[in-house]
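Visitor: Spelled out, the chains give:
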Amino acid sequence: MEIEERAGLYIYSDTQLDKEEGERIEALKASSQQPLPDPDRWLDEELRRHILLTSVDAVLNWARRSSLWPVVCFPACCAFEFITTAASRFDISRFGMEVIRGSPRQADLMITAGTLTWKMAPQVRRIYDQMAEPKWVIAMGACAISGGIFASSYSVVPGYSRIIPVDVYVPGCPPRPEALLYGIKLMQDKIAKRSIITEV
Amino acid sequence: MKFERYGAGIAKGMVVTLKHLFRHPVTTQYPEERLTVSRRTRGNELIWDRERCTGCATCAKSCPQGAIRIVTSRGEENDYIVEEFRVDSGYCIFCGLCVESCPYEALFMGYGYERARYRRRELVLNKEELLTSEKKQPSGYARPKVEAALPPQTLLLDRDGVKK
Amino acid sequence: MVIKTEPFVVNIGPAHPSTHGVFRMRATLDGEVVLDIEPVFGYLHRGIEKLAEERTYTQIIPLTDRLDYLASMSNNLAYVLAVEKLAGIAVPERAEYLRVIMAELQRIASHLIGVGAFLNDCGAFMTPILYMIREREKILDLFEMVCGQRLTYNYMRIGGVSHDIPEEFLPALKKFVDSMPGFIDEYDQLLKENEILLARSKGVGILSREQAINISASGPVLRASGVKWDIRKVDPYSIYDRFGFEVPTGSAGDCYDRYRVRVEEMRQSVRILKQAVEKLPAGEVRSEVSHLVRPPAGEAYGHIEAPRGELGFYLVSDNSIAPYRFHVRAPSLLNLTALREMVVGWKVADVLAIFGSIDICMGEADR
Amino acid sequence: MTVALSGGEIAARLEERFPGSVVESGQDSLLVKSESLRAAAGFLKTAPGLEFDYLTAITGVDYYDYFEVVYQLTSIRHNHSLVVKARCYGRDNPALPSVVGLWKGADFQEREIYDLMGIRFEGHPNLKRIVLWDGFTGYPLRKDYL
Amino acid sequence: MSLFDPGLNLSAYYPGTLPPEWPGGYWIHWGVFVVIILAFVLLMAMGFIWLERREVGRFQARLGPNRVGPFGVLQPVADAIKVLTKEDIIPAKGDKLVYWLAPVVAFVPVLMVFAVVPFQDGALLADLNIGILYVVAISSVSVVGVFMAGWSSNNKYSLLGAMRAVSQLVSYEIPLGLSILGVVVLAGSLSLNSIVEAQHIPFILLQPLGFLIYMAAAAAEINRTPFDLLEADSEIVAGFHTEYSGMKFALFYLVEYCEVLAVSVIVTTLFLAGWKGPLLPPLLWFLIKVFGVFTVIVWVRATVPRLRVDQVMAFAWKCLLPLALINLLITGIQVLVWPEVLPWAVVFLNLAIMVVLILLWSKFFKLGGGRVEV
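From first to last, the protein sequence lines are chains R, L, D, G and H. Under our numbering, the first residue of the first sequence is numbered 1, with each subsequent residue one higher. Under our numbering, the first residue of the second sequence is numbered 1, with each subsequent residue one higher. Under our numbering, the first residue of the third sequence is numbered 1, with each subsequent residue one higher. Under our numbering, the first residue of the fourth sequence is numbered 1, with each subsequent residue one higher. Under our numbering, the first residue of the fifth sequence is numbered 1, with each subsequent residue one higher.
Heads up, some of the hints might be wrong.
[Claimed, not checked] Mimicking DSSO-like on lysine-lysine, the simulated pairs with C-alpha atoms at most 30 Å apart in a straight line are:
#1 R:K190 x L:K12
#2 L:K61 x L:K135
#3 H:K363 x R:K19
#4 D:K228 x G:K143
#5 G:K128 x G:K45
#6 R:K29 x G:K143
#7 D:K4 x H:K318
#8 G:K143 x D:K233
#9 H:K363 x D:K202
No lab work stands behind these hints: they were computed from the structure.
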């Protein structure tokens, strides 16, 4: 087997790829100068939801909250607190969450563990877009909520809520595993209040 | 792969995993069982003592990122009245430099960590929310007196010899 | 027969299960064989060097925590050493010992993750890393006891450390030091002689001695290639000249050697810890230094042997409260220089094993 | 203990070999003329008794009037170190010769300085942005970048 | 007369297929067993998912799922409902028809394997007299589904996974088939039911080497560590099903565990004397053995790392294939020369042969160099 000449094959030039990546970043940066609103409509309408909650909802929500599969999106420091949460001592597998999917298609939950830079932002946005509905986001740590200590930097996105809607905010830098587990519990409570009738 | 050890290496490893099957798991079942955190823990909040604070703003100056906002006005006895004291706990990194630098011991790190919220704006703590309450207790970080009163930390080391 | 084949480009990363953060490799593959690889950095570039220029010397310590987030104590130590060198500040004896204890505990904690992640990249189904995280938890418990945080400690201060240790620290540390060698033996029993691991890592990703020196590799990567170069020995900082320990080196410079060097270093760290616990003197832990340090104008380069290699801080002062220039010599970044030479010609699976054996931390590589 | 070699002695040896290459020399450092940087670096790497085979770090510093690039050299064989500096003037297009040919470890560091400080390294095989993206304007580590 | 003639009394043609007291004819038998097999396969697959997560948890010093239901037994149910109600995504540039068909093509053959498995004496859908040949033939069809999935996803990781799948599965078919032949020679029949009946002592004792080869080859067939290259999540993310979501992904996930179930069942039948056992009812023995085999598979998964793709292939061709051939040869000679010899003597002889062969092969067997000059 011989390898043919590389010229003329379907390989894009590095410069071209870099240029396109830069354009994508600048476009995203320009379009996300304001944070997205928190998806908290359901909090105000809680009372009405309770009436509409059917038994189908109950079963669906039970299934969805008991098997939240997180996607791999671990840019920085908080990732290791997340891994510790997944490890033996805190063990998120108790909640059926140890199936950490590398493929966003099969995941339900994005735990945004770490600082988001503008260079990474299009990728995170893409991972979020690739996740199949229904999907949720937990912003873990100061960097994910507001940019934290790096918020004033030239290359850091001040909070994931600029590019994706965030359901639960877990403060801390990084949050302890228990704090993250508490955030996951809030997430499960939120899922339990979904209703397929009004959600559509 | 050469079976230099005729598969003995694999067998050895299998023995280790098998041993773990009969060991006690180290898991703490969080919502029911709780670890006692360190007495010096830097929990995910700040606690502010209204009486002791003189409004000198040393904490705000020592903060590496300017997460503390403090507004004061001149009082009758030529002192400061703290009108606004605000910490954004979604921005704060809980490094503890403000607590260490406070000359009047008016600022504490919190002992609690369950501070997740559904809304971004709920993370911004105002004057009233920074006071101690039943759910908000100060930790002993840089405050030896508080530290002495807190229970000792649970250590994973102490679970080493525990058999199933 | 000549079959016409076409190479294709695969992006490995930045969000990939085993690129240790957000590293990205643009790999050109011919089937499974790697023809070319181009590392792409910057997905975690947070501009720490710029941010540090607008903070005071004390306020930079939390920033250094977040450089190599697996070894925050080492980062703190390297930074305060550089500032002390710049400003000529003396450190109390007890603080020196505490610094050594923390740095060595941190080295064990960091190597546990490094080795575990490497074994994971070789395909072990989480088991080794979970065992190792279990022991790392014990170390994090100790750190939490001292400074209240589990990952970003902010413990060292210019002229000492921020707090003295609580009274229950030393018994716990002794217990840890006594039990740790047994656990290291257990990890060795788990996978040291495993034929599959040997097949995957022996002779894979060889970095020759000359190459390693030429690319400025440091830490276990350099030592696995047979260079006996450990800053703790060749340029002792703090009080490392008072402890007896060996510098483990490899011979072949392959993935397996890098893995073994890390495991042996853990044993040596335990040895240092034992000596440090015995000799720990009483006394002050922090010399009188103002919160706003103003070092005289000048420059200093302070370096230590961090778990990933030589971590250096190059500081330029203009006699103000903030550094004029703050540069980090990041071992992770430099160790990656040889990645291309090491992986070309190997299979996709080897790329990740070799990458895992270099054990990088993107927070430090990108800064 | 790594011995920090005195800049003066090395400067004398360099001057002997390449007259006019050293601008000034201090106790612990040595300022080399930017044109003769490559030659001097090559000499330092191979000269018997010096053999600086290990390039520890490269740093760029912006002093408004000029950029200073600092090379921390170490010899693993002799366990001694030296700080070599070079300056380049002009804020629009500062340039220095690259040392990648001598020490491969300079590769990423020079790219980083190029990216963040805007100093071009002539002769670098792959000089392009490393941490920031194409289209980013300005050089963040320059003092006039806000 | 056609085989599928509804009026046919099958037991007349295939004695032993139906228990004599069975009331009804062919169709009732067919219908009942289809339901039984479907229920058995789905329940057992879910049980395996739960058991694997619990067991791996315990191997790793943690607990595993324990929140939904007692001991977390409802975890697979929750997973299933959740996955089934998730959005179904088809890649825009993928081949939609093939993408849609792939999970079905992968799933159906695995299910078909169970048609010939005896759950206890005579309790099986069809006692084919070429049973084991049918199993080997039909189970290798699912690789077509895997390849369809990898190709139609239009994703490079999927394609890499599919390429690995095809090369690996095709290679391991050969040692797999050869190791089964040893059993067939001993039993003198291809029908699974007769093989079980022929096992006066479990064939694992008579065929230790064959058992090891079969386990290794089967682990490769069903993508278990150390041969789980297809979905090596630390290398190629999720392998061939990277792009799959929702119900289709659920099918692939189910296929994975059904294949494990199939292998456990076949190992039980071929090497562990199937439903035979003292005291307990046969069906229970069968289940106990199946779970035992599965536990061993999980145990291996929790311990060992993964081989590289070229090493996997070399292992199949340079190690397993010759060993399987030698094993077959020795078994044939034994059956020819001492057809009536005491089984226990042969047990020890075969164990000794196994040890000697493995030691010998350790000397000869070498993997090729991993690096290719480019």
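Visitor: If a hint holds in the structure, say so; if it does not, say that too.
Guide: For each hint, the structure was consulted:
For a cut-off of 30 Å, the pair hint linking K190 (chain R) to K12 (chain L) is broken: about 47 Å separates their Cα positions. The straight-line distance between the Cα atoms of K61 (chain L) and K135 (chain L) is roughly 28 Å, inside the 30 Å bound, and the hint therefore holds. Pair hint K363 (chain H) plus K19 (chain R) does not hold up; C-alpha atoms about 54 Å apart against a cutoff of 30 Å. A hinted pair counts as satisfied when its Cα atoms are at most 30 Å apart, and K228 (chain D) with K143 (chain G) does not qualify at roughly 40 Å.
At roughly 26 Å between alpha-carbon atoms, K128 (chain G) and K45 (chain G) fall within 30 Å of each other, so this suggested pair holds. For the suggested pair K29 (chain R) and K143 (chain G), the alpha carbons sit about 24 Å apart, so the restraint of at most 30 Å is met. For the suggested pair K4 (chain D) and K318 (chain H), the alpha carbons sit about 28 Å apart, so the restraint of at most 30 Å is met. For the suggested pair K143 (chain G) and K233 (chain D), the alpha carbons sit about 37 Å apart, so the restraint of at most 30 Å is broken.
Restraint check for K363 (chain H) and K202 (chain D): the C-alpha separation of about 18 Å stays at or below 30 Å, so the hint holds.
When the structure is compared with the earlier hints, violations turn up for hints 1, 3, 4, 8 and for no others.
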